[in-house]
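Chains as they are written, first to last, in the working numbering: chain A, 1 to 315; chain B, 1 to 489; chain C, 1 to 218.
Quick caveat, the hints were computed from the structure, so don't treat them as lab data.
A few of these clues could be false.
Computed footprint of chain B on chain C; a stretch qualifies when at least three of its residues, placed anywhere within it, have a C-beta under 8 Å from a C-beta of chain B [claimed, not checked]:
1. 97–104
2. 140–153
3. 162–174
Positions of the beta carbon are idealized from the N, C-alpha and C atoms, including for glycine.
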Amino acid sequence: MIVIANNLIQLLVILLLAPMVDGIIKKCKSLSQKRQGSPVLQMYYDLFKLIRKESVVSDTASWIYKATPYIVFSTAAVGALLVPISTLMPSVQFSGDIILLFSLLALGRFFMCLAALDTGSTFGGMGSSREALISSLIEPSILLSIFTIGLIADSTSIHQMMRAMTEVGNPFLHPVYILTFLAMLIIILAETSRIPVDDPATHLELTMVHEAMLLEYSGRHLALMEYGAAVKQLILMTLVANLFLPMDQLIPFAGEGAFILSIALYAVRVIFLSVVIAITEISTVKFRFFSIPNLAALSFILSFLGFLQYFVLGR
Amino acid sequence: MGLMLWLVPLVAVLLSILIKETKALHVMNVVCSFALVVIAGFATKSVMVSGILQYNLFGMLFYLDALSAIILDIVVIIGFLVSIYSIGYLNEELRRGEVNTKRIQLFYTLMYSFLFTMVLSLTVNNIGILWIAIEGTTLASTFLVGYHNNKHSLEAAWKYVIICSVGIAIALVGIIFLHLSSVTVIDSSHALRWDILYDHAKELNGQIVRLSFLFIIIGFGTKAGLVPMHTWLPDAHSQAPSPISALLSGVLLNSALYAVIRVLSIVNKNLGDSQFTGNILVGFGLLSITTAAIFILTQKDYKRLLAYSSIEHMGIIALSIGLFTPLSIFAGLFHMINHSFTKAMLFLASGNILQKYETRKISGIRGLLKVLPISGFAFLLGLFAISGTPPFSIFASEVSVFLSVFAEGHLVLGSLFILLLALVFVGIAVTLFRIFYGEEDSEERKPGETNPAGAAVLIVFLIIISITGLFMPDAMKELITSAQRIIGG
Amino acid sequence: MDSYYDILSVLILLSSIILVSHKRIKSYIKTFRIQSALIALTAGIMGWNSLMEEGRFDVLVVCGIIVLLKVIYIPRLLHKTYGSVEYKVEKDFFLNIPLLILICCGLVVFVYFCVSNISGLNEDHINLQVVNSFSVILIGLFFMISRKWALGQMIGFLVIENGIFVTAMFSTHGMPFIVDIGIFIDMITAILIMGIMVMQINKQFDSININKLKNLKG
Numbered sequence: 001m002i003v004i005a006n007n008l009i010q011l012l013v014i015l016l017l018a019p020m021v022d023g024i025i026k027k028c029k030s031l032s033q034k035r036q037g038s039p040v041l042q043m044y045y046d047l048f049k050l051i052r053k054e055s056v057v058s059d060t061a062s063w064i065y066k067a068t069p070y071i072v073f074s075t076a077a078v079g080a081l082l083v084p085i086s087t088l089m090p091s092v093q094f095s096g097d098i099i100l101l102f103s104l105l106a107l108g109r110f111f112m113c114l115a116a117l118d119t120g121s122t123f124g125g126m127g128s129s130r131e132a133l134i135s136s137l138i139e140p141s142i143l144l145s146i147f148t149i150g151l152i153a154d155s156t157s158i159h160q161m162m163r164a165m166t167e168v169g170n171p172f173l174h175p176v177y178i179l180t181f182l183a184m185l186i187i188i189l190a191e192t193s194r195i196p197v198d199d200p201a202t203h204l205e206l207t208m209v210h211e212a213m214l215l216e217y218s219g220r221h222l223a224l225m226e227y228g229a230a231v232k233q234l235i236l237m238t239l240v241a242n243l244f245l246p247m248d249q250l251i252p253f254a255g256e257g258a259f260i261l262s263i264a265l266y267a268v269r270v271i272f273l274s275v276v277i278a279i280t281e282i283s284t285v286k287f288r289f290f291s292i293p294n295l296a297a298l299s300f301i302l303s304f305l306g307f308l309q310y311f312v313l314g315r
Numbered sequence: 001m002g003l004m005l006w007l008v009p010l011v012a013v014l015l016s017i018l019i020k021e022t023k024a025l026h027v028m029n030v031v032c033s034f035a036l037v038v039i040a041g042f043a044t045k046s047v048m049v050s051g052i053l054q055y056n057l058f059g060m061l062f063y064l065d066a067l068s069a070i071i072l073d074i075v076v077i078i079g080f081l082v083s084i085y086s087i088g089y090l091n092e093e094l095r096r097g098e099v100n101t102k103r104i105q106l107f108y109t110l111m112y113s114f115l116f117t118m119v120l121s122l123t124v125n126n127i128g129i130l131w132i133a134i135e136g137t138t139l140a141s142t143f144l145v146g147y148h149n150n151k152h153s154l155e156a157a158w159k160y161v162i163i164c165s166v167g168i169a170i171a172l173v174g175i176i177f178l179h180l181s182s183v184t185v186i187d188s189s190h191a192l193r194w195d196i197l198y199d200h201a202k203e204l205n206g207q208i209v210r211l212s213f214l215f216i217i218i219g220f221g222t223k224a225g226l227v228p229m230h231t232w233l234p235d236a237h238s239q240a241p242s243p244i245s246a247l248l249s250g251v252l253l254n255s256a257l258y259a260v261i262r263v264l265s266i267v268n269k270n271l272g273d274s275q276f277t278g279n280i281l282v283g284f285g286l287l288s289i290t291t292a293a294i295f296i297l298t299q300k301d302y303k304r305l306l307a308y309s310s311i312e313h314m315g316i317i318a319l320s321i322g323l324f325t326p327l328s329i330f331a332g333l334f335h336m337i338n339h340s341f342t343k344a345m346l347f348l349a350s351g352n353i354l355q356k357y358e359t360r361k362i363s364g365i366r367g368l369l370k371v372l373p374i375s376g377f378a379f380l381l382g383l384f385a386i387s388g389t390p391p392f393s394i395f396a397s398e399v400s401v402f403l404s405v406f407a408e409g410h411l412v413l414g415s416l417f418i419l420l421l422a423l424v425f426v427g428i429a430v431t432l433f434r435i436f437y438g439e440e441d442s443e444e445r446k447p448g449e450t451n452p453a454g455a456a457v458l459i460v461f462l463i464i465i466s467i468t469g470l471f472m473p474d475a476m477k478e479l480i481t482s483a484q485r486i487i488g489g
Numbered sequence: 001m002d003s004y005y006d007i008l009s010v011l012i013l014l015s016s017i018i019l020v021s022h023k024r025i026k027s028y029i030k031t032f033r034i035q036s037a038l039i040a041l042t043a044g045i046m047g048w049n050s051l052m053e054e055g056r057f058d059v060l061v062v063c064g065i066i067v068l069l070k071v072i073y074i075p076r077l078l079h080k081t082y083g084s085v086e087y088k089v090e091k092d093f094f095l096n097i098p099l100l101i102l103i104c105c106g107l108v109v110f111v112y113f114c115v116s117n118i119s120g121l122n123e124d125h126i127n128l129q130v131v132n133s134f135s136v137i138l139i140g141l142f143f144m145i146s147r148k149w150a151l152g153q154m155i156g157f158l159v160i161e162n163g164i165f166v167t168a169m170f171s172t173h174g175m176p177f178i179v180d181i182g183i184f185i186d187m188i189t190a191i192l193i194m195g196i197m198v199m200q201i202n203k204q205f206d207s208i209n210i211n212k213l214k215n216l217k218g
């Protein structure tokens, strides 16, 4: 019973926190440009507004177009059930759930690509072809870095992996973790359509990738798509926060207090990561589309070197 | 005395920076190089009496034994003869307006830095400093190779500095591994010393020593011009001014081989037999001879042909040292001496030819014996000598190499070796001997030597290589024998 | 302590891979500077240790020289050389970048297998630092052959030199002091000479593309 309750808690936390993370990143960016920017909670308002509006569906669109927003959102929400926000609470876990997580995210993305093609608009087709290329380029390094951590933890269950990482002490004294961490940062940037790969703030036809796929959506469909993307972003950040910046081992006491403190620490790390992402976005420019393979290759070699160093060093 | 050996070339460098008069530069040049010969002669004498000459200078150990004394003598004698030759050579260039006093200053400055680094590499008892000195030879001679400052010589110089620097860097990796193999054995104040490494050779970590030998043979082999790391050599030798080509071929290649030989003796003592190093060296040697023979057969440029012949002879020396029997080491060292003198003479003669005919193409030269009686004659005899014809000294040493190969029972290797040498002989005969015949058709080219000092030097060289071909002076024999004992243990 | 060295060796390796992935000479110089700073940091840590434990300060002196030479002077020299040669095309490699990076990856694996087979280098486990620093040498060599501008080759040479220095530091905790100093002198002379040669090549060939250097053959 308590296991299910814990899962519900983490689902709720992620669902509630997700739009705010987006707001924090945007706030950081606008502050760096000496603008006031939109409020941190802006995305909540947007979602409310969109949900109340009617959504326009093209006549030529098939059922895929209508089903996709629900699929995208529900895959992200199920993913949120799988990623523990704290290692202290027992939650539903089984071996291989990290593979399930990434398959769910990939499923959402697959339907998003299909839906963009479905309406027959040129931007949608362009966006989905680019999205497919980027995700297939980044896929090997995701698998390699996940499995490197999995090898260290001797498990493919996310919770077990996070538990193992709390036991290594300071992961930044260990080359394997540093390399996989850097690889994961690049992966997050690519997966969440952040700046060196894609610019979330632009609607310029030549450069947009993710936005091009959402172009036809409106109303509550759009709200679901945007919400799904935000949840996915937070899921990946949670993974990084708990795998590479473990803090639960620092809590000296046990019980309810520890649990609450752990969630608070989690929030701190997520905010920290959002600031890191914002800084990356501020300090780099968007790559040319044909330079993205270079970035993917870099992330691949980072995770590969991490993998290799694991073999050399052991844990 | 050791200090003087290092100081004289340094003083010469300093003087050539300070002196701004062509004549005074020439005088300084002759005095300094002669002083080097005299000092080296005394040093050799005391090596022959006491075995090893060793002192501590500025934290570096001066160390001279029979092996380094042989190569040191080659360096200073050829250095002396070349410096006399370059007076005439540079005066001729000056007369044609190719160079000015400033360039001559540069020439002497770099030439003496080159000589200094070579002397340093041969007389220092620390493999790290030896490496530094050999890298120094590359750096000092880069601008000498590019001295003419045209497209071709720049290309040669760039290739030279890049390939040799990288090659030498690989040798440094080998030296690091050698150091690593000895860290637990040798006290850190004696680190990298030849004699200490050799004394403790048995205690070094065998696997790392073997690894380090691989790196060192690749690294210093690049500098020694072993195939396939030889690609800089024909370019650099053909584009450098002829006195420098003579130094590069006659002296520099030996210094690089000297480093290989030093490490070789440590490795062989460590491993207990010469199987491992022998296979590598014989392989490189055969490959060098074969490649050089093929390129000689099709060569159109006489200076490049001489350069390929240097590769061939380095291959012969590597092969005979690689066999590692007393006879073969003796033959290898003897061959090293003979090749140095013969090849230096040939390059100097080719410098005279180049200045007269202004072409490097074999097809551009006719009637050499009439146009340049002394240089042409020296060139002809030198070609006979370098391709191994009696009575010259190279014949004597090549025969000793054969004998040592067959004495070890390597019948196939020996026959292959003879076949390749015959091929080289044919190559030289086919491509080069035609330049001596025919009539000179150009009216402008008056017969007569342009460089009288150079012609005299050529005669001295001829006398040296003929004498050592007919009989070997006792002192030389004694020196080579003790060097052979140092290598073979 | 070892874990610091492990991380530094990984970062040095990473910097050389990033160097291979760069396209512009200015970024080569920047990455080289970062790599040298990492090496100086390693030498600094090592020097501090040897000062505390044995009272030797020569490694610290070497660290200072690295900072002066490789972090400050040589990058500045390269910038100067770069400024004085005319360059028309910025692209400077034959293969595309992902392929270059994957080849580097292969080199690291190759070194790993080689080192793991030489038992003399590994006491009880495989020496990670030697694997990483040795890979830097190979990547430097590979960088040299993958670029066609003369300046790229100079930087490749410097990376090889860096790799050798790091290998020496990690495997033997430093060569004898006098040898280190001599190597630095040689290196600075080599870079000065190559810099002058680059300018002369630029003057003679109107380009620093070394593919144009193919007059001498056979």
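Handout entry: Per-stretch coverage check for the stretch 140–153 of chain C, three Cβ contacts closer than 8 Å to chain B
Key = As far as the stretch 140–153 of chain C goes, the hint holds, because 4 residues have Cβ atoms under 8 Å from chain B.
Exercise for the section: Verify the coverage statement for the stretch 162–174 of chain C against chain B, using a C-beta to C-beta distance below 8 Å and requiring 3 or more qualifying residues. Expected result: Coverage by chain B holds here, the residue count being 5 at a Cβ distance below 8 Å.
Exercise for the section: Confirm or reject the coverage of the stretch 97–104 of chain C by chain B under the rule of 3 or more residues with a beta carbon closer than 8 Å to the chain's beta carbons. Expected result: violated (count 0)
Taken one by one, the earlier hints fail for this structure only at number 1.
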